[in-house]
Each structure stands twice: as structure tokens, then as C-alpha cells.
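Based on the provided sequences and hints, a complete structural model is requested.
Counting in the UniProt record's numbering, the sequence shown runs from 1 upward without gaps.
These are computed hints drawn from the structure, not numbers from a lab.
With a cut-off of at most 30 Å between alpha-carbon atoms, the simulated BS3-like pairs for lysine-lysine come out as follows:
id, residue 1, residue 2
1, LYS13, LYS32
2, LYS90, LYS17
3, LYS78, LYS122
4, LYS17, LYS32
5, LYS179, LYS17
6, LYS30, LYS78
7, LYS95, LYS80
8, LYS66, LYS27
9, LYS179, LYS210
10, LYS210, LYS95
11, LYS80, LYS13
Each pair of labels, with its calculated beta carbon distance range:
id, residue 1, residue 2, range
12, ALA6, LYS32, 14 to 22 Å
13, LYS210, LYS66, 49 to 57 Å
14, ASP51, GLU128, 26 to 34 Å
15, PHE10, GLU53, 20 to 28 Å
C-beta atoms are modelled at their ideal positions from N, C-alpha and C, and glycine is treated no differently.
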Amino acid sequence: MNNLDAIYDFILKELRKLTIKENFYFKPIKPKLSDLELIAINISAEYLSIDSEYQLFRYLSNSKLKGMIERSVFNRRKRKLFLHLENIRKLMVAKFNEMETTFIVDSMPLEICKNARANRSKICKENEFSFPSKGYCASQSSYYYGYKLHAVCSVSGVFQSFDISTASIHYIHFLQDIKHQMNNCTLIGDRGYLSTQVQTNLFNYAANIKLDTPMRNNQKNYQKQKYIFRKSHLRPKRLKSGGVWI
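Quick look at the structure:
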């Protein structure tokens, strides 16, 4: 628990290098903690793998931040700061990945219930555009009901961008958004992203993105993917199970 103060101070110092703002929205009464300090607490909790507010406030009770904010106020302010937190995340990513030219694209299933309960499930059905759907997971050779998480990360493990779609959406449709966010780089993907049309589209678009995927053995002019690319593509699978999404 004693590490929290040092981690918080370091993260807050780095955040102040990224933005000159301490508060992002009007408050009638000035709080003890600024918005940026609250964001620093949130990132510190992520770094320490603290996955509940109850556990976080046990840590805070033994730190210099004891009594600086109530749990209910922290929760309410954190939700209001979601968009600002995302903007800060993008600034951090831009700094970490400034010199990166090779990225890894992958996806994973987000199952919300078993297939047998899919028709009765009411989860996430408040709005028609966000309805979950049935999809196929090639790595597990099974169908599931829910969503699909798409992500792009650098070979060093820093996530550049991510998105969620319904399970029925194919992997390559995520790349249509990527070309508006990245440029002059190489994307490494598995065979699920194999598409000559998509590869040509990404390269010809102003983004100048090269998509490198392993070829099928029966393809014309078959060439084995470079070892360094095949080795790098294993990294996201480890991050999915235990890594921190930055």
C-alpha cells in the first residue's frame, strides 16, 4: 500500500506535462482534488491492478490522499470525466508510440451469456443499434453471443486504439476506421484479416498503411510470413489475459 503515494506523484507529474488544465468542467464549489488529480488516482489504480473502488479506498485510507474525496463523489466525478480521460489516454499513446512504425491488430470475443439464453437475454437491448448478436470465434472453434473487441497495439505492448462491435461484424470492417486514425505504418494481423482488396485499399488511401498477414498454403505465390512478424503477433494474446489496457 505504501507504493501508492510514489506512483500517484509520478503519474500526476507526467500528466501535467501533457496538459496545462487541472479542471475540465465547472464546479460551483472548488473540490479538494482537481480533475487531473482524480484522473491520476484512477490511472494509479489501473497500474496497481486495483479492480474495485472498495479496494482502492482501502489503499487511499493508508496514503496521503486519505479524506480528500468520498467514494460516491469519486465515482460520480470519474464518470463525468470519461471523455477527458480518453483524450488524455490518446495524448499518452501519441507520446509512447511516437517512433513506432509497426503495430498489431487483433480481436477477441466478449460473450455476455450462453447461446441457450441468447433469445431470452435482455442485456444491452435498450437501443437497437447496440443489440448484441451471434458470432464465430475461430481460435475456440465455437459460436458465441455478445460482442467483439477490436484493438491495435504497438509491438512494445502499448494500445493505440480499440473499439467494440457486435459479434457478427467481420474483423476487416474495423480496418476501415483504422485508416482514419493511423498513417505510414505496418499492421500485423492473422489470417482473419486476409483480404487483397482491404490491403490495397489501406495502401492506396492517404494513410499509407501496409497490412501484413500470413498467406494460406494454397495461395498463389505463397510466401511464409517473416519470423519477427509471426513472433510479434503472439503478444496481444498474452495481454488479453492479464495485461493493462492503457
